[in-house]
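J.: Residue numbers (the numbering used here), protein chains in the order written: chain A, 1 to 670; chain B, 1 to 311.
No wet-lab data here; the hints were simulated from the structure.
Here a beta-carbon is modelled for each residue, glycine too, at the ideal position from N, C-alpha and C.
One or more of the hints may lead you astray.
The calculated label-pair distances, taken between Cβ atoms and stated as ranges, are [claimed, not checked]:
hint : chain 1 : residue 1 : chain 2 : residue 2 : range
1    : B       : K267      : A       : S29       : 35 to 41 Å
2    : B       : Q184      : A       : D376      : 53 to 59 Å
3    : B       : N54       : A       : S29       : 27 to 33 Å
The calculated SDA-like cross-link candidates involving lysine to any residue, where the alpha carbons are at most 20 Å apart (straight line), are [what the hints assert, rightly or not]:
hint : chain 1 : residue 1 : chain 2 : residue 2
4    : A       : K198      : B       : P195
5    : A       : K669      : A       : F631
6    : A       : K300      : A       : F258
7    : B       : K212      : B       : E188
8    : A       : K669      : B       : F219
9    : B       : K212      : A       : D67
10   : A       : K302      : B       : S179
11   : A       : K201      : B       : E188
12   : B       : K74       : A       : N408
13   : A       : K239      : A       : G217
14   : A       : K201      : B       : P195
15   : A       : K143      : A       : G619
16   : A       : K201      : B       : D198
17   : A       : K32       : B       : T45
18   : A       : K491      : B       : N211
Pulled a few chain A residues facing chain B out of the computed Cβ check, cut under 10 Å [stated by the list, open to error]:
hint : residue
19   : E33
20   : Y36
21   : R41
22   : K173
23   : D174
24   : E205
25   : N440
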Amino acid sequence: MIKYLSTLLVGVLLLNSSVYADESAEHDSLEKELAYLAAERKVVVTASKIEEHVDKTIATTTVITQDDIAHIGARNLLDVLRLVPGIGITQTQIGVREIEVRGVKTLLSEKVQIMLNGHPLDHNLQNAGSTLLYDDLPVDTIKRVEVVRGPGSALYGANAFLAVINIITQSAKDLNGVQTSAGWGSFDTQQYRASWGKQFKNSAEAALHFNFTDTNGINSPIPADSRSVQGLSSNAPGKSQLTEGRYDLEWQLGYQDFKLDGRYINKKAGTFFGTAAVLSDSRTQQDYNDYFLRLSRAWKIKDNFTVDTQLFHDFFSYDNIWQIAPAQFIRNGVQDTRTGGEIQANYHISDAQTLISGFSYAKEQQGHLIDQAGSDPAHLTQVLPSTEARTRNRWGVYIEDVWDPLKNLRMTVGARYDRYSDFGGTFNPRMGFNWEFIKNYSLKFSYGSAYRAPAFGELGSANNLVLLGNPALQPEVVKTFESGIIAHPIKGLTAQTTYYHSSINQLISPVAGQSAVFQYANNGSVIAEGVELEARYDFDGKLQGSYISANHVLQHSVQLGQQLADVPRQRTNFTANWAFDNTWSSFAHVLIKGNTSRNLGDVRNDVPGYALFDLGLLGKNMFGKQVDISFNVYNLLDKRYYDPAPASLNFIGDYQMSGRAFFGHVSLKF
Amino acid sequence: MKPINFYNVFILLAVFFAGTGFAQSNKILIVNSEKTVFRYEKIATEFKKVLQQNAYSWTEFNLDDHANADADLKQLVQQENPALIYCIGTQAYSLARNVAPNKKLLFSAAINWRRLDVGVGTYGIANELSSAQEMSLLHYFFPTIKTIGLLYSDKFSREYVETIKKDALNSGINIINKSINDAQEISEVLNDLLPQIDMFWIISDPVVLSNKESVRQIFQAAQQQNKPVYAYSDVYIEQGAVLAISADIATIGRQSAGLAMMVDQGKVPAGTVQSPAGSTVTLNKCALDALKLQFNQDALDSVNKIVGCEQ
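Next up, chain B with everything else stripped away, as it sits in the complex (with noise of 0.2 Å):
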């Protein structure tokens, strides 16, 4: 056989396989919103794991690796025709629903998800764990606890907070809520939110957390005027938070990848949202003791971690 004939061959098996590929029902596409944030990333990955071990097939889109993001995801679907479009972030579901309003999608990893656009064939991970099991833990870890404090803003989270206001009234808990619309707001709003509160939440929000100085603003008052703060991810234990409730991302690469099978075998129910099954509770005792805060000590069995002064 020439070479040439060689090429042509394989050129031809290539697309048959390709095609059959193509023509498979159970196809996924995943559109990843920014590959090099590590929470996509890490979703990402196990949902792959998953799949794989369940001889599902998969096309990948990042979004930054396309500067006409909305013309190639077009095409991409068309050529493809997935099953169900897997969008990791909220850049990934805005950008998918656009283009795609007729196809399943399924997304994680996004703030708030109350806040989109969600139609009949949507799924989701939420991305915050059920704040009403929050509030219950909260009220079982700290039974002195009666106020809680919160800064959010209006445009990411204000659902999520609405939710979780309903959710503390159940708990006997108050929340007092403020909204800021930039993070230079932080320090004014805090320094009149603070003494109102026996503790401080730290939700998700994405201007309320611009940057290291907002985080550093807001343990620093917290520290200034002794209350204890509490964090939706254990990544603010080191700043002095003295308990997080972190939803575990690994977890929720896992369980989108669950979620995805049972869609695509229509086994779910439309427009399911379920709440991260996996997390992580870590108490920091050296900030605890600082506090001399009262502590359920049964509630000690309950923590996965806890953090020393020494460490």
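For reference, chain A alone in the conformation it holds in the complex (with noise of 0.2 Å):
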């Protein structure tokens, strides 16, 4: 009977399928039902509006997921945000590479806030800036990097000046299993990697990441140093020492609401070229350790109210020997720590408002100090001390409001102050609106204030005939306005440009000074201004996986009504990604820098610009989904290119960079 009625049942069902279920099917595919449902969720009853969507934020935001890392054949972080508009890469001397954001650099890139899971990393309190440990950052265990361009310490507090850069790592449910990774490349590049994710059932979970790399750099020639062109003793001509290796552990631990994660860096590396304008040898030696440790848990009061806290501990110490003459040698050392905690409330007013706000303290300190200098930088002694020890507390509180008056606008005001024990308060405000004035077509404006905090080196270097700090530095500041326009003019193709203005004041740089050359002082402002213009086109059907992109800035940076040296004017990348299949796909990458100009008095020629083309390929889901196999040229053509040495180096040309080099990259899946 149950079988008999259950046939009928089926018959009923199935009356009009040999009449109807003719046609429908044949046409279907996942992408189009895919398509389908994007479309149903744009009508949602109820959002979450605390991650915003790139084309809603008034920020102006770039996303480089791990796939497009992947695609780029990446063998560090620098390798990625070369790619983003309004982001150049350059080489200093002491070896570290510079960030230039929006037409302004500086040596240790200390006014870009780089944050790992939304962790600032700017532990480094002698110098400021995250580069010397984080700029060859591993990136296998990378799931996206978010970079908003403009002003942020309405949101972050200090140093997050002219851009923040976001890591996000894999977590436990990313990784679900092993993975490990492997790669080698020119200058006897080598890179391993392994992570394990877990998800137990008792809602605790567990990511672990190891990295290991290590590279011999690639030993530029240096034709002279001071000392050569002066007849005396020296390394030069000789070539750059720039060896680095450096390990890397980070952990994700989580039961129910609560989280510990951190990670720690040692880092060893050579040197560019030295410091003193002496070219060193393989003596010169820098020794990084890095880490941080935070406990944070999320709380949920009401549906529509949740309390976010963490406690955290960061440490930073770095014990260098430097080479300042073939027989001379002086090592610096200091430990940094902060230690704080920071609460921040979210309340969903509404489905279109969403109100942010939080405490924060932090206590920094600097102290174990290490001065010494010799002949044998094994047999060092004690000299007067560079730097001081020094504390500071910091508090800051901030409120941020994000709401939709309309479906298509939305607007966002938010302000912060910091107070410091050194130097007072700072109050930075945040503004501006996201206006889809027509269906795919958005307006964005927004205006904003940042500060960077005066270094602990700016405040107190001591002992020094060339450069002396100053206690009584204020905070920089710059205020930025922007507008943009981002449209999807036609599917797949999105579309953006934007116009920004940045007022950097009270610059904190060296003048001259009175018991020694320099002194630093709060001298001085910069105007940079400049349009960004982006595009990208994701093919769809049988091309799914394929896109083209192209960028190009055109960046106007100014001070004392003189462009500023070292800065291209204009900046282009163009990208491709061909997907063959479902496997294999090939991308390719050009870019192309401007001319960029010397500082006043320095009467070399402008450092030409240059045309760099990267081919890569990439094989991924091989041998059952486990195997990414992938290998990129840079700088296909071996084109010698150079990047600028400062005026006062100006008696050795410029930095010769890499030529033609490999990477290879296999993946293996658990």
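Two chains, two separate frames, one set of hints: put the complex together.
T.: This is the structure in structure tokens:
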């Protein structure tokens, strides 16, 4: 009887099938079905707006996904960042690479806030900036990089001055097993990575990442140094000694609403040229240790009211030996710590409005100073300290309201007040709107200010005949307004144009001093303005996975009426990714950089612009979806090009960068 | 006749004929959420075919053609005074409901219609098949299946899942449902869910099925744990679903047209929402054999399409 009824039921349900179900199935496909579901997703009854969509945020944001990184064949973080509009990467004499943002760059990139999973990495209190450790960050464990150009102090506090770069790494659920990878390339470069992640039934989860990276560096020819040009004994002519080796260990442990995460890094490096305009040999050694430990908990008070709390402890130390003459060495070291906490309340007032408010406190300390000098790096003697032990307390309160008064209009208003024990308070507002004035066309406008707190070295450098600190320094301040249009004129195409204008005041820079040649002071201002154009087209159908993109930047940065030195007026990136099938794809990148001018008084010709061509091949999900293989060639045409050397090194020309270089990479998932 | 006079006459005639058209009481306004979406467009095409055969006139309004869709639709409704507004997709229905709350509305292709603000003059063709019938079928095809699991989002599918659970009880099947807010949670929730169930059911939830990666994660997890997957559409057969019962899209368009005409003629009780009339049953024999799943051989007669390993 049951069988009969079931058959009857099937018959009723399928009664019309033979008549109607004739042609639809063959036209269906997963893509079409997902497109339909995506269209349905646009109508949401309740929406969480803590995480904003790139199209809706008021900030100028670029997101680089794990998939993008795989296609790029990136060897480190900077290989990823150099494709972002408005960002340029250049070599420095001491080895660390500079991140130029919107026409402004400094030796240690201290005006850029780099964060790891939302935690600021500016642990270097002596000099500020995070690039000493994070410029060659391995990318294998990165899930996403978010680059927000423009000031971010209203939310993130100090040092989110020109840009915020948030690196998000793979979590336990992203890993769900073991992933390993290895990469080998030119200059004896080798990278290894092992990650493990698991989610347990009792709501516990754990993710561990380990990276090892080692390279002999690009061995650029250095024809002369300040000694060789005087006929004194010298290592010049010679080659750069930028060997680099690092270990990274990252952990993310979670249980219920608690999370304990952090990262430890040990990095040892040589130097590209050296300090004091003297070419160094392999005895210059930079040794960095860095970690942070963060305990956080998310509290759900009500469905529309949550509170995020965290306690953190950051540590940074360096112990560096610098060769300042063939038989003269100095050794410097410090230990910096930052300990504090933050509480943030998130209140969803309605589907259209979210209020975020928080309080943070941190205590920063510098100590364990090392200052030695001598003719043999193994037997150095104590000398007067070059900086001072220092303690700073700071607290900040912030509030931000993200409100959609209309469904096509988002307004954001926020402000943050920070108070420092050593220089007082600073107030930074942020406001803007994103208005979809025509369907698929949005207009953005934002205004905000940001500050960078004086670093301990800028306040307290001492016993130095060349450069002294200044305890009376105030934070440098930037006020930026920007406006842009994001358009999706046809399916698959996203185009964006942004104009920005930044005014940096109370610039912290060395000026002529009384008891030394230079002393830090709040002096002068910089105006930086420019236009960023970018477009990306993602192919559909059989070419799904393929895309072409381009960005072009026109920038003009002026100090005292002069274009800033060593910064190009224009830069262009073209990229194309061609997916041959579900496994194989090829990636091509062309970077075109304009000439860079010199400092006032530097009589050298401009550094010529150049075009570089990179090519890569990627095979994904091979051998049962467990193996990814990539091979990339950088500077395929072996173009000889140079990054600008500062005016103080004008006798040696500029830094010759790498010729053609290869990098192969294999990744395994278990 | 001078050309200018000819044009004047032509325009007058055009206005006259257009005016008579506007005055027709049985004119239907079709509002399409996004004409580039295959499902919406297919439904619209089939709907218009039936209207044409029955000498109905219609006007079309595609939301993606209008920057200011609210105002434009409002103006069009005033201008056309349609007897009924046919809304394809949730976006179209939501807009029409706001703009013309007093008009008769007919919807289709709206995920989980029970979440919609449905008024007295609203009719519809559900997007999902009757879950009671699906339950009975699943029980008929797979007699040993006792527990079925599904992922859904509260935002889009809460009411639908509640209906499924009620219908499952009547069929003696236990449903274990897990809610997610973001596709990122899929792996985590599946790890917990799959060991507890005999079969996983993919429902048409836009959060769960956010992208290809979400689909891949679901099938990868199910495969790893040897769990069969039943899906609401045969597009998932290729991904590894063992069985799919799909509502036929073309039928929804024709069925909607039939319902629209009956509404126009006053032959349908207010608030009628019909289940889709046509469906296709697709069996993945390859996946079935691989899973060594017990299948009622008598049910093979009811299968429209059997997919083997070679396909």
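J.: Now look at each hint and say whether the structure bears it out.
T.: Hint check:
Between K267(B) and S29(A), the C-beta spacing of about 37 Å keeps the proposed range 35 to 41 Å intact. Taking the beta carbon of each, Q184(B) and D376(A) are about 56 Å apart, inside 53 to 59 Å as hinted. As the Cβ distance of N54(B) to S29(A) is approximately 32 Å, the hint placing it in 27 to 33 Å holds. For the suggested pair K198(A) and P195(B), the alpha carbons sit about 16 Å apart, so the restraint of at most 20 Å is met.
The hinted pair formed by K669(A) and F631(A) meets the criterion: a straight-line CA distance of about 18 Å does not exceed 20 Å. About 12 Å separates the Cα atoms of K300(A) and F258(A), which keeps this hinted pair within 20 Å; it holds. As the CA atoms of K212(B) and E188(B) are separated by approximately 17 Å, the hinted pair is consistent with the 20 Å bound. With a CA separation close to 17 Å, the supplied pair K669(A) and F219(B) stays within the 20 Å bound.
For the proposed pair K212(B) and D67(A), the alpha carbon gap of about 13 Å is at most 20 Å, so the pair holds. With a C-alpha separation of about 18 Å, the suggested pair K302(A) and S179(B) falls inside the 20 Å cut-off, and the hint holds. Of the pairs offered as hints, the one joining K201(A) and E188(B) holds, with about 9 Å between alpha carbons and a cut-off of 20 Å not exceeded. Proposed proximity of K74(B) and N408(A) is supported: the alpha carbons are some 18 Å apart, at most 20 Å.
Between K239(A) and G217(A), the direct Cα distance comes to roughly 10 Å. Compliance with the 20 Å bound is thereby established for this hinted pair. The suggested pairing of K201(A) with P195(B) holds, with an alpha-carbon distance near 11 Å, which does not exceed 20 Å. The hinted pair formed by K143(A) and G619(A) meets the criterion: a straight-line CA distance of about 18 Å does not exceed 20 Å. Pair hint K201(A) plus D198(B) holds up; C-alpha atoms about 19 Å apart against a cutoff of 20 Å.
Pair hint K32(A) plus T45(B) holds up; C-alpha atoms about 16 Å apart against a cutoff of 20 Å. Pair hint K491(A) plus N211(B) holds up; C-alpha atoms about 16 Å apart against a cutoff of 20 Å. With a least beta-carbon distance of about 5 Å to chain B, the hint placing E33(A) at the interface is held under the 10 Å criterion. For the restraint placing Y36(A) at the interface with chain B, the shortest Cβ-Cβ distance is roughly 4 Å, inside the 10 Å limit, so the hint holds.
Satisfaction of the interface hint for R41(A) is found here, the shortest Cβ-Cβ separation to chain B being roughly 4 Å, below the 10 Å cut-off. Checking K173(A) against chain B by beta carbon gives a least distance of about 5 Å; that is within 10 Å, so the hint holds. At about 8 Å, the closest approach between the beta carbon of D174(A) and any beta carbon in chain B falls short of 10 Å, and the interface hint on this residue holds. Here the hint on E205(A) is kept, as its CB sits about 8 Å from the closest CB of chain B, short of 10 Å.
Here the hint on N440(A) is kept, as its CB sits about 8 Å from the closest CB of chain B, short of 10 Å.
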